[in-house]
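Peer 1: Sequences are here, hints too, so could you generate the full structure?
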Amino acid sequence: MKQLICKLFFLCLLCALTACGQNTNGKNTSDATSSVGEEGQEPFSVVQEPDSVGYLVRVGDMAPDFTIALTDGSEVTLSSLRGKVVMLQFTASWCGVCRKEMPHIEADIWQKHKENPEFSLIGIDRDEPVETVIGFGHSVGVTYPLGLDPSADIFALYAERTSGITRNVLIDRDGRIAMLTRLFNEEEFRVLTEKINSML
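For the sequence shown, position 185 matches number 1000 in my numbering, and the numbering has no gaps at all.
Source of the hints: derived by calculation from the structure; they are not laboratory data.
Positions of the beta carbon are idealized from the N, C-alpha and C atoms, including for glycine.
Take the hints with a grain of salt, since some may be wrong.
[Said to hold, decoys possible] Derived CB-CB ranges, DEER-like:
(1) Asp989 <-> Trp909: 31 to 41 Å
(2) Pro932 <-> Glu864: 30 to 40 Å
(3) Thr958 <-> Ala884: 13 to 23 Å
(4) Glu946 <-> Met1014: 28 to 38 Å
[What the hints assert, rightly or not] Computed cross-link-like contacts, SDA-like style, restricted to lysine to any residue with a CA-CA straight-line distance of at most 20 Å:
(5) Lys1010 <-> Arg991
(6) Lys899 <-> Leu995
(7) Lys899 <-> Gln926
Peer 2: Next comes the structure, spelled out in C-alpha cells:
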C-alpha cells in the first residue's frame, strides 16, 4: 500500500512539473526566445509564430538587442542607441530588391538625417564576409554604416531565419518597434520616410 501511495505521489509531481513548462496554448514555453533588457527596462519577447511575411516581432514590441561588427571594425550594441530613432535595414549583395531599395535609403533617409545626432541607420548584411559587404556598399553607392551578420543570427531575432530580405525595422526612442517593411514598395517606403521625419 505504501509503495502504491509513493508511486501515485511521484506521478502527480511529474505531471505538475510538466505543466509548468507549457503556456495556455499547450506550447512549451522553454522554446520561447526572450531576453531581459537593461536594468530597470522591461524584457522583450520574440513572437514564435511568424506573420505572413516572416516577421517574428510586431509593431509595439521591444526591439531585440544585439551587438554588431561594422565594416570599419567598430561595434554597435542596439540598446546603446536608446533615446535615438533607429532604422535597421536587412540586406545582402545577392538581393536584387535590396540593390533597388538602398539608393533610395541613401538619398531620402540617410542624406537627410545623417547629421542628426538623434538618428541612427545600420544596414545589416547577412551571410557575407566583410570584403564582399564593403564592395557591395560601394557598388550601390551607399555611405551609411553596414554591419556583418555572418550566420544570420541577428536577422533570426526579427524574422524567420529562412525568410527573405530586404526588410526595414524602424525603432523609436524607447526601443520599441514603430514600423516594419518587407520588399521595396514605393508607397510603403514613402510612409516609412514620413514616419522617420515625424519622429525626428
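Peer 1: Run the structure past the numbered hints and jot down the numbers of the failing ones, going up.
Peer 2: none
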